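J.: Each chain, letter by letter, is given below.
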Amino acid sequence: MARTAWRLTQGELLEWLEHLLREGRRIVAPVEEDGLRLFRAVHAATQVCLAPGKTRWSPKEFLFPRTETLFTYSADGGEVRLADAVGPETEQVLFGVRPCDAAGLCRLDAVFHGETADGLYARRRELTTVASLACDEAEPECFCTAVGGSPAGVDGSDLQLVAVGEGWIVRPLTRKGEALTASLRGRAPVPAPEDWAQAEERARRVAERIRQRPIAREWAAVLEASFGLPLWEALGRRCLGCSICTYVCPSCSCFDVQDSGNAWCGERCRSWDSCTFALFTRHASGHDPRPTQAARYRQRVLHKFAYFPLANDGQTMCVGCGRCVALCPVGMNVHESVQRVAAAARESVDARG
Amino acid sequence: MLAGDGRRNPFLPHLVRIAAARDETHDVRTLRLTFLDPGAARAFEWEAGQFGEFSVFGAGESVFTLANAPTRAGYIECTFRAIGKVTAAIRGLSVGQVLGFRGPYGNHFPVAEWRGRDLLFVGGGIGMAALRAPLQSVLDNRQDFGKVVVLNGARSVADLVYRDEMKDWEQTDRVRVVRAVDPGGETPDWDGEVGLIPSVFERLQLKPDSRVVIVCGPPVMLHYMFRSLERMGYAPEQVVTTLENKMKCGLGLCGRCNIGRVFVCRDGPVFTWAEMQTLPKDF
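These protein sequence lines are chains F and E, in that order. Take the first sequence: its position 352, counted from the start at 1, is 352 in the numbering used here, and no numbers get skipped. If you want the numbering used here, it's the 1-based position in the second sequence plus 1000.
Just so you know, these hints were derived from the structure itself, not from any lab. In this text the structure is predicted, and so the values were computed from the model without any measurement. Worth double-checking, as some hints may not be accurate.
Stated by the list, open to error - Computed, partial: chain F to chain E, Cβ under 10 Å:
1. Ala-75
2. Gly-78
3. Glu-79
4. Gly-228
5. Pro-230
6. Gly-266
7. Thr-281
8. Pro-289
Stated by the list, open to error - Pair ranges (Cβ atoms, derived):
9. Trp-264/F with Ala-1088/E: 15 to 23 Å
10. Ser-348/F with Pro-1038/E: 53 to 61 Å
11. Ala-1020/E with His-287/F: 44 to 52 Å
12. Ser-348/F with Pro-1236/E: 45 to 53 Å
13. Ala-225/F with Pro-1236/E: 16 to 24 Å
14. Ser-1156/E with Leu-279/F: 23 to 31 Å
15. Leu-279/F with Gly-1039/E: 33 to 41 Å
16. Ala-234/F with Ala-1073/E: 48 to 56 Å
17. Asp-1209/E with Trp-264/F: 52 to 60 Å
18. Pro-1236/E with Asp-109/F: 31 to 39 Å
19. Ser-348/F with Gly-1074/E: 50 to 58 Å
20. Arg-185/F with Pro-1038/E: 51 to 59 Å
Claimed, not checked - The list that follows gives simulated cross-link-like pairs (lysine to aspartate or glutamate, EDC-like), each with its CA atoms no further than 20 Å apart:
21. Lys-1167/E with Glu-1193/E
22. Lys-1281/E with Glu-1230/E
23. Lys-1167/E with Asp-1191/E
24. Lys-176/F with Glu-23/F
25. Lys-176/F with Glu-194/F
26. Lys-1085/E with Asp-155/F
27. Lys-1167/E with Glu-1202/E
28. Lys-1085/E with Glu-18/F
29. Lys-1281/E with Asp-256/F
30. Lys-1281/E with Glu-267/F
31. Lys-1281/E with Asp-288/F
32. Lys-1246/E with Asp-256/F
33. Lys-1246/E with Asp-155/F
34. Lys-1085/E with Asp-256/F
35. Lys-1246/E with Asp-1267/E
36. Lys-1207/E with Asp-1118/E
37. Lys-1085/E with Asp-1140/E
38. Lys-1167/E with Asp-1209/E
39. Lys-1281/E with Glu-1237/E
40. Lys-1246/E with Glu-1193/E
All C-beta atoms, glycine included, are put in the ideal place defined by N, C-alpha and C.
Sequences and hints are given; from them, build the entire structure.
T.: This is the structure we're talking about:
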């Protein structure tokens, strides 16, 4: 059956959300909280903020939590007992996810659904439906179009919301998306041709406003060869190693595993970690394969734009949301770094003939 | 069991009990461990060169190589140096106490490909632990392989591991064991070699021919070993090593052991010198 789409007014959209909440689904959507826009589980449709702009954090923590229990242990008189982590049971809807962030979830899939399936992640993913929200404005840091994305991109989306006039087009894209919009079937009208035309025109205009030079897929090999360039030292010197870039990144997926507890009871957890932290690769012996901040910055950039793409059909481990650019305390810009390194690496190749 | 399709929580360890403990040096200990669950013990299979995550509940996990060969099954062994938080906690445990273990992870030494060839094992310090399993595999099928030389070196006489076992090794047919300590690390009664491992190796004047060199040690030793091997005319394809980057998951997920396109835990830890030459200098 061909998938169709529905045209909703703002009021009907809220009614639909209320209906989904009443059905017992957990809905995670952008809300305004203490002056920040953040993804939160909502209890009323009116909390949801679908205004232009992006949330401070991507919604990745709802699939890959900042900290999660892997198992708990208890020891009593020499007997050790382990209890498996209790996975989530409730279906969740990530609602109002920007296309860059939805694409970021696909990057997490590539890591956690890879050769070694991670049951903890897989269970959350199964229970999650992603409702993306096409962008109606570009922010200064946005560069999705430079890495193959689009303000109306549908990678990672089960359905997409597009603002038209005073209302919305709701467009299911997968079976999960159809299930979520089942209550609209036969009740909401389908969008008129001029609604689609308006949506397309909007997407085109937003994309035009993102004037960041493309990062071509073919650069991955050139960037990989840039490892020894002195430019990395100059670029990485400013990095403080604070790792805010990693924490706000929709696709960064490195983690640490630590125990929390004592000899009698406790848990083993995993939590977000970053390759830009000084302790990330330091051995207990003191040896560190990446002993300088410049080496750590290079690792972050090359993993995203060379190593990962070369192993994953050219796809970058960056979706161009630009949060790392907007929030870096010393103004480092990953898009600009890649442009400069690629140019220098090509020059160096040319010079060697 | 978490995912509906049967995918398990890969972080949930087996429970293993310390059956025996032996101090190799003042800070290096070898543990023999047996699975508490007889089913897990029967199902457990591994190859020489693979590793595991060993843990003390409340302290955390550490990566050690599986130090015994599959030819000596029924238990697993690890040799570790007490140097950090987790290893100190493991050293604090006594025989009969319980650890967590998950594995085996990673690739392994291509022992079957070494049949009929002369072998040289070169271990520096605790690096020797990674060579014990492939060496045992060779010793337990002695007739399948050519002449064997083991060069076991350490900073000082007190730091030399497997002192007791070396006696057994050299009593095996066509096995020569060379003990070496760094200059200044010798004692008055020391009758082994004195010198840095690469220099001792060069003094042995072992011709490359079809010999396979299996080497493991600290990064600085590897660096100079490769230079010595080059000077002696060895080809990068006939030298194999095992890398030990910091690892947390062992599954190719956590990102910590990433070097260029490879993850040491998933694509390694065993790499030939030729393969290492294709990696960025990030180890």
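J.: Next step is simple, just say for each hint if it's right about the structure.
T.: Hints, one by one, checked against the model:
| no. | hint | in the structure |
| --- | --- | --- |
| 1 | Ala-75 | 6 Å, holds |
| 2 | Gly-78 | 7 Å, holds |
| 3 | Glu-79 | 8 Å, holds |
| 4 | Gly-228 | 8 Å, holds |
| 5 | Pro-230 | 14 Å, violated |
| 6 | Gly-266 | 5 Å, holds |
| 7 | Thr-281 | 5 Å, holds |
| 8 | Pro-289 | 5 Å, holds |
| 9 | Trp-264/F with Ala-1088/E: 15 to 23 Å | 19 Å, holds |
| 10 | Ser-348/F with Pro-1038/E: 53 to 61 Å | 60 Å, holds |
| 11 | Ala-1020/E with His-287/F: 44 to 52 Å | 30 Å, violated |
| 12 | Ser-348/F with Pro-1236/E: 45 to 53 Å | 25 Å, violated |
| 13 | Ala-225/F with Pro-1236/E: 16 to 24 Å | 20 Å, holds |
| 14 | Ser-1156/E with Leu-279/F: 23 to 31 Å | 29 Å, holds |
| 15 | Leu-279/F with Gly-1039/E: 33 to 41 Å | 38 Å, holds |
| 16 | Ala-234/F with Ala-1073/E: 48 to 56 Å | 54 Å, holds |
| 17 | Asp-1209/E with Trp-264/F: 52 to 60 Å | 58 Å, holds |
| 18 | Pro-1236/E with Asp-109/F: 31 to 39 Å | 37 Å, holds |
| 19 | Ser-348/F with Gly-1074/E: 50 to 58 Å | 56 Å, holds |
| 20 | Arg-185/F with Pro-1038/E: 51 to 59 Å | 56 Å, holds |
| 21 | Lys-1167/E with Glu-1193/E | 16 Å, holds |
| 22 | Lys-1281/E with Glu-1230/E | 18 Å, holds |
| 23 | Lys-1167/E with Asp-1191/E | 14 Å, holds |
| 24 | Lys-176/F with Glu-23/F | 15 Å, holds |
| 25 | Lys-176/F with Glu-194/F | 27 Å, violated |
| 26 | Lys-1085/E with Asp-155/F | 43 Å, violated |
| 27 | Lys-1167/E with Glu-1202/E | 23 Å, violated |
| 28 | Lys-1085/E with Glu-18/F | 51 Å, violated |
| 29 | Lys-1281/E with Asp-256/F | 23 Å, violated |
| 30 | Lys-1281/E with Glu-267/F | 36 Å, violated |
| 31 | Lys-1281/E with Asp-288/F | 12 Å, holds |
| 32 | Lys-1246/E with Asp-256/F | 11 Å, holds |
| 33 | Lys-1246/E with Asp-155/F | 34 Å, violated |
| 34 | Lys-1085/E with Asp-256/F | 15 Å, holds |
| 35 | Lys-1246/E with Asp-1267/E | 14 Å, holds |
| 36 | Lys-1207/E with Asp-1118/E | 10 Å, holds |
| 37 | Lys-1085/E with Asp-1140/E | 35 Å, violated |
| 38 | Lys-1167/E with Asp-1209/E | 27 Å, violated |
| 39 | Lys-1281/E with Glu-1237/E | 18 Å, holds |
| 40 | Lys-1246/E with Glu-1193/E | 32 Å, violated |
Checked against the numbered hints listed earlier, the structure breaks hints 5, 11, 12, 25, 26, 27, 28, 29, 30, 33, 37, 38, 40; every other hint is satisfied.
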